[in-house]
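Novice: Sequence:
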Amino acid sequence: MSGAHEGLRSGQVAEAAGVNPQTLRYYERRGLVAEPRRTLGGHRLYPAETVTILRVIKTAQRLGFTLEEVADLLDTARHRHGARPDTGLPERARAKLLEVERRIADLQVIRATLREAIDAGCDDLLACADRPRCPLPFVDLARPARPAGRAGAEG
1 MSGAHEGLRS
11 GQVAEAAGVN
21 PQTLRYYERR
31 GLVAEPRRTL
41 GGHRLYPAET
51 VTILRVIKTA
61 QRLGFTLEEV
71 ADLLDTARHR
81 HGARPDTGLP
91 ERARAKLLEV
101 ERRIADLQVI
111 RATLREAIDA
121 GCDDLLACAD
131 RPRCPLPFVD
141 LARPARPAGR
151 AGAEG
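So for the sequence shown, UniProt numbering puts the first residue at 1; every next one is plus one.
Among the clues, some could well be false.
[To be verified] Just the calculated beta-carbon pair ranges, DEER-fashion:
id, residue 1, residue 2, range
1, Arg38, Asp75, 20 to 28 Å
2, Arg38, Glu15, 13 to 21 Å
3, Pro47, Glu91, 46 to 54 Å
4, Ile118, Arg38, 55 to 63 Å
5, Glu116, Arg78, 44 to 52 Å
6, Arg111, Asp72, 29 to 37 Å
7, Arg25, Val100, 27 to 35 Å
8, Gly18, Gln108, 26 to 34 Å
9, Thr23, Asp130, 43 to 51 Å
10, Ala120, Asn20, 42 to 50 Å
11, Arg92, Gly41, 40 to 48 Å
12, Pro90, Arg55, 16 to 24 Å
13, Leu63, Ala120, 45 to 53 Å
14, Thr23, Arg133, 45 to 53 Å
In case anyone wonders, no lab produced these hints; they're calculated from the structure.
Bear in mind that the values here come from a model prediction, so they are computed numbers and not experimental data.
In this text, a Cβ means the ideal position worked out from N, Cα and C, and glycines have one as well.
Please build the complete structure, drawing on both the sequences and the hints.
Specialist: In C-alpha cells form, the structure reads like this:
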C-alpha cells in the first residue's frame, strides 16, 4: 500500500474534504483541481493540498460565490507572482457582500409580507388579489428587485 507521502487516492481526498468522489472528478474536469499523477495501476494520487483546495471551494460557494467566480479567484491566485500580490478577493468580497445584503433586504420584505398575509387570513391567492386591502403586493413582488436593493410595498 502506498504511503501518505506519495499522495492521496480519490476516496481519501473526498472524505477528508467532505465531498463525494464525483464532485472531486467534476472539479478536476473544470480545472479547479489539478489533474493528479497516476500510479502504474492507473489510480489517481492527489497531493495533500488538494484537500485544502476543495475546502476553499466549498467554503467560497457557501459564502455565495458561484463556481465560475471561485474558479477565477483560484486561477488568479495560482498565477500571481511576487510583483502582483492582489488576487481581487477584497473587491469581489465587497461586491458579494452587497449582493447578500440586497438579498437579505428582499427576504425581510418577503417575510413581513407573508406575516401580513397570514395575519389577514389570506387563504386563496386569487380571492385575496381582488380585495382592495390585500396585504400581498402582487405588482411589486412580481417585479425583479431594484438594483439599489430597496424592495418593498407601499401600504
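Novice: Of all the hints given earlier, name the ones this structure violates by number, lowest first.
Specialist: The structure conflicts with hints 3, 13, although it agrees with all the remaining ones.
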